[in-house]
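Student: Using my numbering, read the sequence shown as starting at 1474 and increasing by one per residue.
Among the hints, a few may not be true.
Capping the alpha-carbon separation at 27 Å, the derived lysine-lysine pairs in BS3-like fashion look like this [as the list claims (entries may be wrong)]:
| no. | residue 1 | residue 2 |
| --- | --- | --- |
| 1 | Lys1504 | Lys1571 |
| 2 | Lys1479 | Lys1637 |
| 3 | Lys1513 | Lys1624 |
| 4 | Lys1624 | Lys1637 |
| 5 | Lys1571 | Lys1540 |
| 6 | Lys1541 | Lys1624 |
Keep in mind that the hints were calculated from the coordinates and are not lab data.
Note that the structure is a prediction, hence the values are computed from the model and not measured.
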Amino acid sequence: MKNLWKVDFKAEEITGDAYSIILEQNDYLNKMTDGKIIAKIVEYAGPTHSYTVDNAFVQTAKILEPKKINIQDNLGEMEDSKFVYELFITSSVTPNYKYRVMFVEYGIALYPVYVTLDEDIAAEIEEQEEIICETQQEFESKLEKILNSSKLEKIISNLLGLAKNEEKRFVF
């Protein structure tokens, strides 16, 4: 049989995805703090959005209702095939502590990016806790506000203080 594929595929160079943007910012923070503060973006497998759990009575009632299944829900990009990450801050002297800043989620198209923020940071930068960024420019703009929030500045300052105290303990 002949090749039915019409296109000669070429690998696209991926730039401007949320993961790469955050990773670059993490490197800047590491350099700015001489490696004392560590920002990490890692894969995340848990829930990234708030949700409501029905009580047992409601769950039982739902079981009795007929349910229509739309097969189209099973085609295209699958919900569990999204790229999902968490961004957290820690330090070289507090390896068991992490401050989770946000979750980031997107599909193979790279945008939109769904961001779920720490509620204190969201309130401070006057954003909803769940943000949708349609473009790279919008994502970078929101990320700049997040990274420059006073909440995050306070956390980083406190972690730097702990690192400084730890250094003093070993001075002879």
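Student: Now, for every hint given, state plainly whether the structure supports it.
Tutor: Against the structure, the hints:
A C-alpha spacing of about 19 Å is found between Lys1504 and Lys1571, which places the hinted pair at or below 27 Å, so the restraint holds. For the hint linking Lys1479 to Lys1637, the alpha-carbon distance of about 61 Å lies beyond 27 Å, and the restraint is violated. Of the supplied pair hints, the one linking Lys1513 and Lys1624 holds, its CA atoms being roughly 17 Å apart against a limit of 27 Å. Restraint check for Lys1624 and Lys1637: satisfied, since their Cα atoms lie roughly 20 Å apart, inside the 27 Å limit.
Between Lys1571 and Lys1540 the alpha-carbon distance is near 42 Å, which puts this suggested pair outside the 27 Å criterion. For the given pair, Lys1541 sits about 46 Å from Lys1624 by alpha-carbon distance, which is inconsistent with the 27 Å threshold.
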